[in-house]
Amino acid sequence: MNYLTQFIFAYISTAGFAVIFNAPSRAIYKSGLAGALGWLCYMLALDAQLDKAIASFIGALIVGLISEWYAIKTKRPVTIYVIPGIIPLVPGFGLYYTILSIIQNDYPKAAQTGFEATFIAIGIALGLILALQAGKGLRTSYIHRQHLSR
Amino acid sequence: MNIETILDIALTLGTGLMENGGETYRAEDTIERVCHAMGCESIEVFAIPTGVILTVRYNNILYTRLQRVHKSTIDLRIVTRLNELSRRIVSGEIEHDAIEAEVKFILASPPYDARLRSVSAGLSGGFFTLMFQGNLWEFTFSFIVSAVVSLMYSYGIRSVQSGFMKNIIGGFVTAALAIFLSEIVSPTPLTTYDRIIIGAIMPLVPGLAMTNAIRDSLSGELVAGVTKLAETLIIATGIAIGVGIALSLRLNILGG
Chain A
1 MNYLTQFIFA
11 YISTAGFAVI
21 FNAPSRAIYK
31 SGLAGALGWL
41 CYMLALDAQL
51 DKAIASFIGA
61 LIVGLISEWY
71 AIKTKRPVTI
81 YVIPGIIPLV
91 PGFGLYYTIL
101 SIIQNDYPKA
111 AQTGFEATFI
121 AIGIALGLIL
131 ALQAGKGLRT
141 SYIHRQHLSR
Chain B
1001 MNIETILDIA
1011 LTLGTGLMEN
1021 GGETYRAEDT
1031 IERVCHAMGC
1041 ESIEVFAIPT
1051 GVILTVRYNN
1061 ILYTRLQRVH
1071 KSTIDLRIVT
1081 RLNELSRRIV
1091 SGEIEHDAIE
1101 AEVKFILASP
1111 PYDARLRSVS
1121 AGLSGGFFTL
1131 MFQGNLWEFT
1141 FSFIVSAVVS
1151 LMYSYGIRSV
1161 QSGFMKNIIG
1171 GFVTAALAIF
1181 LSEIVSPTPL
1191 TTYDRIIIGA
1201 IMPLVPGLAM
1211 TNAIRDSLSG
1221 ELVAGVTKLA
1231 ETLIIATGIA
1241 IGVGIALSLR
1251 LNILGG
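If you're matching them up, the sequences are chains A and B in order.
Per my numbering, the first sequence starts with residue 1, numbered consecutively.
Per my numbering, the second sequence starts with residue 1001, numbered consecutively.
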């Protein structure tokens, strides 16, 4: 039940961001799905006692793979699915919190949240790079297959 | 087709992509393909988040142009349509004379209605608060704060030129409204401004820029990566200063 509600919350948040980012109307629900599934995998990974950065890596990998799948199917740039989809995972709050801690002279907290945000961002970046590379491979084989079937 | 028009089209396409959220490598790739499709040779593109340098050989003469990139917003519809247009240019489906008008038309296309964006921002902010274990009152307040801040960005502070000032104002208004709603308006003592701010700050914080900065750095685009990282830190600093002002005002007015 908890997972289901988290999925729905993440779906609406991501779709809302797709509207804020002015995504084409048919891309909105697709990026919503990518974001929600990525967040679900992130939660599952956290509950399996994995580190936050690794969980973010897994989440971003899922977001990237789904986005690539849609990008290949609709022949649109993968960016328009990835940018809203990645939003629930991205360490924006951690980054803001780091600077806020610095302003409030709480340096140990700043160091802790800062490193955490950096590792999460590295995890997400690695997940995306891996997924987009896989997408590139898939794309060439997909185009190749289309040529053969003609 | 004369060389000025070719360079104009290629650079407007490339910077248009970067100004609206396209990746640096996509802009470089697009410029290169478009120039090639229109008959240029030995094309060299160097794109960073603040500008593009392009050198091509056309009829055996070398031409170089520099174009600055001034804004960095996200408009995925423009990215999609510019991408489609560049495909059509490369595959020769579009008359060369029609390209310039088409690019201008795409770049001028308006975003979704400000009210719709405001409601969407409210929904995103509210549901983020729920994702961070907020209760229903906090959801409602977070919805209101996000929607108001979004409207403010659409109408109110367009005239503020400096991005840094915009972030300070955004952070301040978000935190001040969250504190006001949770400590003065709220009917229950169970609401905390912390969880409202978490949700409502989401559209402002630069998490995406940070991830992109690291992505660029890891893919070898070091200049782009470092530029974006600096941008990220400056945005986060602006927001944190805004929120910090609101929090210290709260301490002075409402007490601990």
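One should not assume that every hint holds.
Mimicking EDC-like on lysine to aspartate or glutamate, the simulated pairs with C-alpha atoms at most 20 Å apart in a straight line are [what the hints assert, rightly or not]: (1) A/Lys52 with A/Glu116; (2) B/Lys1071 with B/Glu1093; (3) B/Lys1071 with B/Asp1194; (4) B/Lys1071 with B/Glu1019; (5) B/Lys1071 with B/Glu1004; (6) B/Lys1104 with B/Glu1019; (7) A/Lys136 with B/Asp1029; (8) A/Lys109 with B/Asp1029; (9) B/Lys1104 with B/Glu1093; (10) B/Lys1166 with B/Glu1231; (11) A/Lys75 with B/Glu1093; (12) A/Lys136 with B/Asp1008; (13) B/Lys1166 with B/Glu1004; (14) B/Lys1104 with B/Asp1194; (15) A/Lys109 with A/Asp47; (16) B/Lys1104 with B/Asp1008; (17) A/Lys136 with B/Asp1194; (18) A/Lys75 with B/Asp1029; (19) A/Lys75 with B/Asp1008; (20) A/Lys73 with B/Asp1008.
Computed footprint of chain A on chain B; a stretch qualifies when at least three of its residues, placed anywhere within it, have a C-beta under 8 Å from a C-beta of chain A [said to hold, decoys possible]: (21) 1046-1057; (22) 1106-1117; (23) 1189-1202.
FYI, nobody ran anything at the bench for these hints, they're computed from the structure.
All C-beta atoms in this analysis are idealised placements derived from N, C-alpha and C, irrespective of residue type, glycine included.
Hint check results:
1. This hinted pair checks out: A/Lys52 and A/Glu116 have alpha carbons roughly 8 Å apart, not beyond 20 Å.
2. Of the pairs offered as hints, the one joining B/Lys1071 and B/Glu1093 is violated, with about 31 Å between alpha carbons and a cut-off of 20 Å exceeded.
3. Under the criterion of a C-alpha separation no larger than 20 Å, the hint pairing B/Lys1071 with B/Asp1194 is inconsistent with the structure, at around 31 Å.
4. A C-alpha spacing of about 6 Å is found between B/Lys1071 and B/Glu1019, which places the hinted pair at or below 20 Å, so the restraint holds.
5. Straight-line distance between C-alpha atoms of B/Lys1071 and B/Glu1004 comes to about 24 Å, which puts the hinted pair past the 20 Å bound.
6. Note on B/Lys1104 and B/Glu1019: the hinted pairing holds, with a Cα-Cα distance of about 14 Å set against a maximum of 20 Å.
7. Under the criterion of a C-alpha separation no larger than 20 Å, the hint pairing A/Lys136 with B/Asp1029 is consistent with the structure, at around 15 Å.
8. This hinted pair does not check out: A/Lys109 and B/Asp1029 have alpha carbons roughly 42 Å apart, beyond 20 Å.
9. With a C-alpha separation of about 18 Å, the suggested pair B/Lys1104 and B/Glu1093 falls inside the 20 Å cut-off, and the hint holds.
10. For the suggested pair B/Lys1166 and B/Glu1231, the alpha carbons sit about 14 Å apart, so the restraint of at most 20 Å is met.
11. Taking the CA atoms of A/Lys75 and B/Glu1093, the gap is about 16 Å. The hint holds against a cut of 20 Å.
12. Note on A/Lys136 and B/Asp1008: the hinted pairing is violated, with a Cα-Cα distance of about 30 Å set against a maximum of 20 Å.
13. As the CA atoms of B/Lys1166 and B/Glu1004 are separated by approximately 37 Å, the hinted pair breaks the 20 Å bound.
14. The hinted pair formed by B/Lys1104 and B/Asp1194 fails the criterion: a straight-line CA distance of about 44 Å is larger than 20 Å.
15. A hinted pair counts as satisfied when its Cα atoms are at most 20 Å apart, and A/Lys109 with A/Asp47 does not qualify at roughly 24 Å.
16. For the hint linking B/Lys1104 to B/Asp1008, the alpha-carbon distance of about 11 Å falls within 20 Å, and the restraint holds.
17. The hinted pair formed by A/Lys136 and B/Asp1194 fails the criterion: a straight-line CA distance of about 42 Å is larger than 20 Å.
18. A hinted pair counts as satisfied when its Cα atoms are at most 20 Å apart, and A/Lys75 with B/Asp1029 qualifies at roughly 16 Å.
19. At roughly 26 Å between alpha-carbon atoms, A/Lys75 and B/Asp1008 are farther apart than 20 Å, so this suggested pair is violated.
20. Proximity of A/Lys73 to B/Asp1008 is assessed by CA-CA distance (about 32 Å); at most 20 Å being required, the pair is judged violated.
21. Using a Cβ-Cβ cut-off of 8 Å, 0 residues of the region 1046-1057 of chain B lie near chain A, which falls short of the minimum of three, so the contact claim is violated.
22. Counting residues of the region 1106-1117 of chain B whose C-beta lies closer than 8 Å to any C-beta of chain A gives 4; at least three are required, and the coverage claim holds.
23. Remark: the region 1189-1202 of chain B is confirmed as covered by chain A, as 3 of its residues place a Cβ nearer than 8 Å to a Cβ of that chain, reaching the required three.
When the structure is compared with the earlier hints, violations turn up for hints 2, 3, 5, 8, 12, 13, 14, 15, 17, 19, 20 and 21 and for no others.
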